[in-house]
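Whenever a hint applies, use it, and build me the whole structure from the sequences.
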Amino acid sequence: MQGFVRVGAFLVATVSGSLLAVIVLQYREILETTNQLATPASYAPPSPGYRNWLSDQGLERTSLQNGVNEAHVLYERVPVLCLIHATSTQQARAALNTWSRRCNRAVFFGTFSDPYVPIERVSDSCSLFRRVVRKHGGSFRWLLLVDDETFAVVENLRFYVAPLNASAVHYLGHPVRGAPFHNALAAGILLSEGAVRALQPPSDRAVRCRNGDHQLDFAQLDKYVGAQLRRGGHPVEPVDTRDPLRRGRFNPLGVEKMLVPGSVSYSDPYWRTSFFRSPEGAHCCSRRAVTFHGINPVDMFLLEYLVYGLRVGSSRGVGQVSPTSSPPALAPMELTSLLRGKAFIKPYGIGSIT
11 MQGFVRVGAF
21 LVATVSGSLL
31 AVIVLQYREI
41 LETTNQLATP
51 ASYAPPSPGY
61 RNWLSDQGLE
71 RTSLQNGVNE
81 AHVLYERVPV
91 LCLIHATSTQ
101 QARAALNTWS
111 RRCNRAVFFG
121 TFSDPYVPIE
131 RVSDSCSLFR
141 RVVRKHGGSF
151 RWLLLVDDET
161 FAVVENLRFY
171 VAPLNASAVH
181 YLGHPVRGAP
191 FHNALAAGIL
201 LSEGAVRALQ
211 PPSDRAVRCR
221 NGDHQLDFAQ
231 LDKYVGAQLR
241 RGGHPVEPVD
251 TRDPLRRGRF
261 NPLGVEKMLV
271 PGSVSYSDPY
281 WRTSFFRSPE
291 GAHCCSRRAV
301 TFHGINPVDM
311 FLLEYLVYGL
321 RVGSSRGVGQ
331 VSPTSSPPAL
341 APMELTSLLR
351 GKAFIKPYGI
361 GSIT
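Note that the sequence shown ends on residue 364 in the numbering used here; no numbers are left out.
Quick list of simulated restraints, FRET-style, between CB atoms: (1) R256 - A81: 23 to 29 Å; (2) E290 - T97: 23 to 29 Å; (3) D124 - R297: 33 to 39 Å; (4) P254 - G319: 25 to 31 Å; (5) F311 - A81: 18 to 24 Å; (6) P125 - R71: 40 to 46 Å; (7) Y276 - D124: 34 to 40 Å; (8) F122 - N79: 35 to 41 Å; (9) P128 - V308: 21 to 27 Å.
These are calculated hints, taken from the structure and not from any lab test. If you're wondering where the values come from, they're calculated on a predicted model, not measured in any experiment. Yeah, the Cβ is synthetic: ideal placement off N, Cα and C, and Gly gets one too.
Below, the structure is given as structure tokens:
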């Protein structure tokens with residue numbers, strides 16, 4: 011009798027395991043099929059090309075010894091205002107000390123004060139953008155809206171949008187499905203000056219704006235931006251901001267999660283809601299990536315060093331990367347468990363990724 015029970019238990023376990031494997035495989039297939047069917051055509055912003063834009067500016071690329079620094083030219087001719095939602099003192103200070111210094115102007119907003127970070131107190135989303143235009147209008151051509159868990163490479167942002175007409179309405183980022191779609195704040199929302207001005211309510215609604223007509227909910231701020239542009243009569247569409255190899259420029263996840271296959275759970279909204287997804291692994295992210303999200307203060311300084319401090323080869327740092335002696339070995343590694351156990355400093359103590 012016990013033998014029959016054991017055999018029966020074995021058969022049940024075998025069948026259950028097989029069914030679970032089939033369900034997981036079908037779920038992945040459904041995700042891939044859904045992406046192929048549901049992803050709309052890309053509405054890429056019209057662009058004459060970066061080299062043509064340089065030519066129109068009377069510029070051409072040359073060695074640094076014979077010309078001006080290209081990043082300096084972009085800094086002057088493509089001014090960027092970074093509007094940063096402060097969520098904690100340590101995150102805000104890390105952003106202040108690292109990437110935000112590359113913005114032409116960085117403005118922090120939130121609901122608390124800090125002696126080291128000038129945080130503007132705001133109560134509603136309507137007055138937030140009215141204040142931006144009133145205080146900083148004319149000093150920027152593009153606005154990057156992010157939170158303080160974002161690391162942005164502002165030079166790549168300028169390179170990407172330099173050929174575009176900033177007076178027109180451009181609404182760029184990582185589009186996600188909703189009712190209707192909007193660009194996710196986690197990946198950063200890039201607005202042209204024309205789009206920022208379009209976010210302002212008509213003058214006859216100024217009183218309603220002051221009375222909290224659009225009460226600021228930071229969790230809904232990205233949805234508010236898209237909805238307000240539509241209310242103003244601007245037909246915004248999801249724009250595929252990935253590079254020609256379909257690698258992400260505006261990334262709503264951290265570098266490690268994007269680079270290590272399997273780190274992003276199948277239940278993560280990234281797979282279900284993203285209009286334009288990028289592959290996991292070494293080809294996840296564009297070489298001209300603009301943003302990554304979920305960066306803790308320590309890793310923010312690490313990225314600052316890797317992006318701006320590390321140089322390869324000679325002091326010029328141009329064309330000094332050695333060729334490889336062999337193709338990638340593709341040796342299998344179990345990195346997910348290492349990622350989960352990596353210790354890092356959180357804004358409020360020490361913890362680990364779970």
